[in-house]
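**Q** Read off the chains here:
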Amino acid sequence: MLIDTSFLWSVASFKVGFSPFADLRLGETRYWQVFVVGAGNTLIVVIAGIVSSTLLGVVIGVARLSANLLARRLASAYIETFRNLPLLLQVFFWHFIVILPTLPARQQSLVLGPGGMLNREGLFLSLLSFAHPSLAWAAVALAALAFVVLLGSGRAPDGSTRHVAVACIVSLLAVAGLLWAAVPSFEPPQLARMGVVGGFWIPIPLMSLWWALTVSTAAFIAEAVRAGIIAVPAGQREASRSLGFTPFQSLKLIELPQALRIIIPPTISQYLNLLKNSSLAVAVGYDDIVNIWMGATLNQTGQAIIVIAVTMIFFTTFSLLTSLLMNMYNSRMQIRER
Amino acid sequence: MKTWKSCAWLLGVTLMVAAGTAQAGTLEQVKARGKLICGTSGSTPGFSAPDNNGKMQGLDADMCYAVAAAIFGDKGKVDFVPLTLVERFTALAAGEVDVLSRSSTNTLTRDASLGIDFTYNTFIDGQGFLVRKSLNAKGVADLDGATICMPSGTDTEPNLAAYFTKNKLTYKPVGFDTEPQVREAFDAGACDVISSDKAILAAMRTELSKPDEVTILPDTISKEPNGPWVRQGDSEWADVVRWSIYGMIAADELGVSSKNVDEMKTQSGNSPVLRLLGVEGETGKLLKVQDDWGYQIVKQVGNYDESYQRNVTPLGLPREGTPNALWNKGGVLLAPPL
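These protein sequences, in sequence, are chains X and F. Each residue of the first sequence is one higher than the last, beginning at 1 in this note's numbering. Each residue of the second sequence is one higher than the last, beginning at 1001 in this note's numbering.
It is worth saying that the hints were derived from the structure and are not from the lab. Built from N, CA and C at the ideal position, the CB exists for glycine as well. Hints are supplied without guarantee of correctness; some may be wrong.
Unchecked claim - Residues of chain X placed beyond 12 Å of chain F at every Cβ, according to the derived structure: (1) Phe92; (2) Phe96; (3) Ala131; (4) Arg332.
Stated by the list, open to error - According to the in silico footprint, chain X covers these stretches of chain F (three or more CB under 8 Å from chain X): (5) 1046-1052; (6) 1084-1090; (7) 1156-1164; (8) 1187-1201.
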């Protein structure tokens, strides 16, 4: 077994399929770039998965405790199904049984207006370009500014609601006007003889994997959410209801803020699981770190020890980083003794 | 007290590791175990796939049966371990299997860097393309821009990259861990083209849901000398595996088959045949296997041609006129003199 890091700077002998933010040309890609792209692809699916599974998990977890029988039963059926099936099976199910067969073949691609097209090879988004890019950037900056300002005034006293609404409408109009003045043009992807040319490509394996990870992780997060809400003393809810809060207000303002303290720690574990489970990408042919780095690169270079060590360092680093961030958030949420 | 305990643990672990590394030669291990452990694909019809009775069949599997017949005089003493493309070489180098017989191409990188050694060609193949007939592709030149499914961690990826670069063609690769996953993805419409060794393509084709709707292009873009691999640094064991293969090829050349082997043993009077069948010379003693190892191989497994006709010809791949014919019939298979 050889141990030699110099292979990192030699040219990769194979092509990386999906590299959204880097233009990797065949014959010019170095092995360290393969690692970076693989790691980036893993992080894309993990970050998207964390956001979506958290949203879905909270909805399902709350539904599980809903007063509505149907919502309650559906939520428990969801949780029991997706928590108890092996994840690989779920990935296969979504990719090969649900998603691929429902999508049209390339020749019958679904054209989404000027937005792009969808077929079994992926979602191809039109490329957006502006005649005056500086105006477009100004629009983005204005939108960001307006967002921050409006978010800050979220807890404004009742009298200022009208000002907020006016500011909101004015900024929306300004952003739209700037965008219009920048003269946007869409470059839609074109159907070629053997594939789709142009457009921003989001491969189907990425979507299948993201969806499978979301659905499965959400089931676990839902249970954490339920546990958190149940742990809030019932008196809190009763008190808020008798003060005239609606059930939604009670949940949002009284119960969830207290429940978060119990929800966060188990949810950290679920995020870490999601990071590790993303390695199932190889089952659907997504170019994550395990597929193109631990699979292809290891086999082409034979540098098993270095490749595996680097992969382990990657997963450990990002697991620890996730826990660190979440623990920081957790300690901010803790009850502070005065 | 605590230190003592950790010290004892450390000592125990070291002992276990030492016992693992200071192992006897593979041949002694196999004999002591009473079974050969053979790494195969287990899902490639014609090369290694279980039949209706669950018994492994195929050209690659026959190589393992031959080694077992030579060592034990009983071809049944084999345990097959299915290995994916990515894990196969590591499994062999780490000692999980005694021999790897899984349509694996002999390349310099593998031979020199993975801690494994090639034995001898048992099947010479070349990389080709399986396409849907609806694409109307006549050759590789028509595949510009296609999405191509392929097994990951194989020779296929660099061959394809090199060939497409040379001919200024583009493609989108989608890599999978095992051949069945490639087939499923193709069946589900994730891609219109599969690239792999032509025999693997022929084998996959038999398992597609609509084999009539695909065709294998006539182009061959590489040479793929496949054969069994053994761990590096155990030449005694490599000799046993290599001569078991030579035995099958020699029997083919000498016209000894499982049907006439008993007759040839007593009546041929031809010295090379008698040496192969263990009547003359002491070839078995030299190899430290059964005295009549050649007889056992031919009697129980058959000669190379019998194995080829039984396993590979049904895939639609005749032997005549290919490199897999004997050296004196226009091919390259040659067994050294016994």
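**Q** Would you mind marking each hint as holding or not holding in the structure?
**A** Hints, one by one, checked against the model:
{"no.": "1", "hint": "Phe92", "verdict": "violated (8 Å)"}
{"no.": "2", "hint": "Phe96", "verdict": "violated (5 Å)"}
{"no.": "3", "hint": "Ala131", "verdict": "holds (29 Å)"}
{"no.": "4", "hint": "Arg332", "verdict": "holds (37 Å)"}
{"no.": "5", "hint": "1046-1052", "verdict": "violated (count 0)"}
{"no.": "6", "hint": "1084-1090", "verdict": "holds (count 4)"}
{"no.": "7", "hint": "1156-1164", "verdict": "holds (count 6)"}
{"no.": "8", "hint": "1187-1201", "verdict": "holds (count 5)"}
Checked against the numbered hints above, the structure violates hints 1, 2, 5; every other hint is satisfied.
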